[in-house]
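Asks: Chains as they are written, first to last, in the numbering used here: chain A, 1 to 357; chain B, 1 to 357.
Hints are not guaranteed to be accurate.
Because identical chains cannot be distinguished in the list, a pair is counted as satisfied if it fits within a single copy or across any two copies.
To be verified - In silico DSSO-like pairs for lysine-lysine, Cα to Cα no more than 27 Å straight-line: (1) Lys-319 with Lys-342; (2) Lys-354 with Lys-319; (3) Lys-178 with Lys-335; (4) Lys-285 with Lys-319; (5) Lys-343 with Lys-283; (6) Lys-354 with Lys-285; (7) Lys-319 with Lys-335; (8) Lys-342 with Lys-178; (9) Lys-34 with Lys-126; (10) Lys-335 with Lys-285; (11) Lys-319 with Lys-343; (12) Lys-34 with Lys-22.
For the record, the hints were derived by calculation from the structure and aren't laboratory data.
There are 2 protein chains.
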Amino acid sequence: MTYAVVMAGGRGQRFWPKSRNKLPKQFLSLVGEKTMLQRTVDRLKGLVTPDRIYIITTATYTQLVAQQVPEIPSENIITEPCGRDTAAAVGLAAITVASREPAAVMIVLPADHYIADEEHFCTVLKGAVAAAEKGEYLVTLGITPNRPETGFGYIARGRLFGTFAGIPAYIAAGFTEKPDQERARQYLASGNYYWNSGIFIWRADLIERMFREHMPDLYTGLQEIKAAIGSEQYQKVLISVYSSLPQISIDYGVMEKAKNVLVLPGNFGWDDVGSWTALEAYKAKDRQGNILEGKGVLVDTQNTLVLSSEKVVATLGVKDLIVVVGGDSVLVCHKGKAQEIKKVINALQEQGYKEIL
Amino acid sequence: MTYAVVMAGGRGQRFWPKSRNKLPKQFLSLVGEKTMLQRTVDRLKGLVTPDRIYIITTATYTQLVAQQVPEIPSENIITEPCGRDTAAAVGLAAITVASREPAAVMIVLPADHYIADEEHFCTVLKGAVAAAEKGEYLVTLGITPNRPETGFGYIARGRLFGTFAGIPAYIAAGFTEKPDQERARQYLASGNYYWNSGIFIWRADLIERMFREHMPDLYTGLQEIKAAIGSEQYQKVLISVYSSLPQISIDYGVMEKAKNVLVLPGNFGWDDVGSWTALEAYKAKDRQGNILEGKGVLVDTQNTLVLSSEKVVATLGVKDLIVVVGGDSVLVCHKGKAQEIKKVINALQEQGYKEIL
Numbered sequence: 001m002t003y004a005v006v007m008a009g010g011r012g013q014r015f016w017p018k019s020r021n022k023l024p025k026q027f028l029s030l031v032g033e034k035t036m037l038q039r040t041v042d043r044l045k046g047l048v049t050p051d052r053i054y055i056i057t058t059a060t061y062t063q064l065v066a067q068q069v070p071e072i073p074s075e076n077i078i079t080e081p082c083g084r085d086t087a088a089a090v091g092l093a094a095i096t097v098a099s100r101e102p103a104a105v106m107i108v109l110p111a112d113h114y115i116a117d118e119e120h121f122c123t124v125l126k127g128a129v130a131a132a133e134k135g136e137y138l139v140t141l142g143i144t145p146n147r148p149e150t151g152f153g154y155i156a157r158g159r160l161f162g163t164f165a166g167i168p169a170y171i172a173a174g175f176t177e178k179p180d181q182e183r184a185r186q187y188l189a190s191g192n193y194y195w196n197s198g199i200f201i202w203r204a205d206l207i208e209r210m211f212r213e214h215m216p217d218l219y220t221g222l223q224e225i226k227a228a229i230g231s232e233q234y235q236k237v238l239i240s241v242y243s244s245l246p247q248i249s250i251d252y253g254v255m256e257k258a259k260n261v262l263v264l265p266g267n268f269g270w271d272d273v274g275s276w277t278a279l280e281a282y283k284a285k286d287r288q289g290n291i292l293e294g295k296g297v298l299v300d301t302q303n304t305l306v307l308s309s310e311k312v313v314a315t316l317g318v319k320d321l322i323v324v325v326g327g328d329s330v331l332v333c334h335k336g337k338a339q340e341i342k343k344v345i346n347a348l349q350e351q352g353y354k355e356i357l
Numbered sequence: 001m002t003y004a005v006v007m008a009g010g011r012g013q014r015f016w017p018k019s020r021n022k023l024p025k026q027f028l029s030l031v032g033e034k035t036m037l038q039r040t041v042d043r044l045k046g047l048v049t050p051d052r053i054y055i056i057t058t059a060t061y062t063q064l065v066a067q068q069v070p071e072i073p074s075e076n077i078i079t080e081p082c083g084r085d086t087a088a089a090v091g092l093a094a095i096t097v098a099s100r101e102p103a104a105v106m107i108v109l110p111a112d113h114y115i116a117d118e119e120h121f122c123t124v125l126k127g128a129v130a131a132a133e134k135g136e137y138l139v140t141l142g143i144t145p146n147r148p149e150t151g152f153g154y155i156a157r158g159r160l161f162g163t164f165a166g167i168p169a170y171i172a173a174g175f176t177e178k179p180d181q182e183r184a185r186q187y188l189a190s191g192n193y194y195w196n197s198g199i200f201i202w203r204a205d206l207i208e209r210m211f212r213e214h215m216p217d218l219y220t221g222l223q224e225i226k227a228a229i230g231s232e233q234y235q236k237v238l239i240s241v242y243s244s245l246p247q248i249s250i251d252y253g254v255m256e257k258a259k260n261v262l263v264l265p266g267n268f269g270w271d272d273v274g275s276w277t278a279l280e281a282y283k284a285k286d287r288q289g290n291i292l293e294g295k296g297v298l299v300d301t302q303n304t305l306v307l308s309s310e311k312v313v314a315t316l317g318v319k320d321l322i323v324v325v326g327g328d329s330v331l332v333c334h335k336g337k338a339q340e341i342k343k344v345i346n347a348l349q350e351q352g353y354k355e356i357l
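Looking at chain A on its own, in the form it has when it is part of the complex (with noise of 0.2 Å):
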């Protein structure tokens, strides 16, 4: 049978002040009236059953996740110990549905991603469903370029391996850090590349052979945990094991190293959402190229995301402003610096506003 792992443990930190520590991504509903994970976890509905969706997350976002998608059921909400990357988070996921089923194909995906074309996005994993059911291969989503994105990493496409359920697989040549400028150009010029999407799709059993044989101490405290799934003494070992995992990402614990990885191309509308600047792709603009959502008035402004439910924000004379008014804070950041708001929260963070991160 095919599952589905939710990832919803991340505290992206980059759509402060209306994320905090308390409240990441993908428990905001940024675009639309449902919240990114919500919204993940409907698109999956077509494919895999509510009671095989798993969602896993640290222990701070439990009730959140709980409260969010209250159709999954409570046993179906993985807890994380602590947060230890998304190796260990994979891990601890594909463990917990092996048990249940070993041969089971699980889809791997992150909770805070965008998707417009949701039908399409269904039909290319029905076609990784197929590529990974015979348990030889890893199966990813490649995302065909649009742009010299420096902000993501990307898989080189090698030969094509066959097609499944009418999607194409293709060996994965390599995956490759976030690209330069130029780099990234290439990249899109050459068509041999996608984006990566974090989506994985494999067998349970797979994905635990391929911890054994590229992360053996990953997959020897995996298996602890293991044995324990089911006893009394589960929650204890987990909290004993889970600390000591090493942490690093999925992508660079095991997808990096693999040999046996297929890519199906996905042109279905992806976005990570990874920044307030992306955010505006999915708002209406007026005819200075603003946005406002919430209460204030836009004088001799242009290009300026204004977002406030609470307090009016009047702006007078500005362009290229992202003004969000969340909680206790205000932030006024320039556009271009969008992808650094992790500096603001490291100066306040300093200065002693812990209570509003």
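Assemble the complex: chain A is given as a structure, and chain B must be docked to it using the hints.
Replies: Okay, now just chain B, sitting in the frame of chain A:
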């Protein structure tokens, strides 16, 4: 004896969102702890005892005045039923003072100006009082300009008339409206022009005579009100007459027409503090030219003024901005537009945000 009349009826909107219709500039603590009104009254105390200090304001602000300067007897708070510009306000104050002491010298001054050198200010005022005592001249203080300011009116200096308490007094050769940049430069270079401070010193009986001569309609109305002073009819007469008085400024109505005007130069660090940017002169800046009053962090930020007593403001990658959080509102304004805050007020009014004006 010498009396003072503090004009505190203005509705100055250029400090929105700190200033509101119900709390204009003169009632705000823009520089230091005390409000502009309190500072104005304090600096008069070396010259005039509180029982001879009058405050003229509109009905909206009577309570505020009483709260802010409790040392002023309540009968010295003159309430205009409505705002009718400065000629009518000066007239109402003049008949009030004259009915108590016809030959009194009255100092008329705005409640919302800043004066750096209060000692020298008092010295010059003493000279002005001496010059006014004979009852032949309207006396005004002219501020020695230090820049080609286009935001003020100017007074041309004529021949030296005499010296009073050590201060030279010149015949005023003419009042001019706000000049353009070129003319302002000429005024500054000539050394023959002063800024019109809006501070006037004259005998109450003389300004009454001047109204009779230059503004006979105003004079007639004022005499009707004056006849009712001390009677039970006063409020009724005041309300019925005052709203029909001509609505023009004392400069335009009297000063520009009168031939008997003396100007005494004052170089005491006067400033009308007409906008958020004007306020910057009185605040400490960091090395990037930023001013932060209240809570916030300024990251990669230059030449920016942030005032927020309540919310935490974070700026990132911006420059030359004014960010003010006040009440239910947030202003984000380019410094070059600080004079145009009326546009924001108008936009807010149009959009129905009347409760925050």
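Asks: All the hints need checking, so say for each whether the structure fits it.
Replies: Okay, the hints, checked on the actual structure:
1. Lys-319 with Lys-342: both (22 Å within a copy, 19 Å between copies)
2. Lys-354 with Lys-319: between (30 Å within a copy, 26 Å between copies)
3. Lys-178 with Lys-335: Answer is within: at 21 Å inside a copy they meet the 27 Å cutoff, but 38 Å across does not.
4. Lys-285 with Lys-319: both (14 Å within a copy, 24 Å between copies)
5. Lys-343 with Lys-283: both (26 Å within a copy, 26 Å between copies)
6. Lys-354 with Lys-285: between (34 Å within a copy, 25 Å between copies)
7. Lys-319 with Lys-335: both (9 Å within a copy, 13 Å between copies)
8. Lys-342 with Lys-178: Within one copy only: 18 Å inside a chain, 48 Å across chains, cut-off 27 Å.
9. Lys-34 with Lys-126: For Lys-34 and Lys-126, only the intra-copy Cα distance (25 Å) is at most 27 Å; the inter-copy one is 71 Å.
10. Lys-335 with Lys-285: Both, since 15 Å and 25 Å are each at most 27 Å.
11. Lys-319 with Lys-343: both (21 Å within a copy, 17 Å between copies)
12. Lys-34 with Lys-22: within (18 Å within a copy, 40 Å between copies)
Going through the hint list in order, the structure satisfies each hint without exception.
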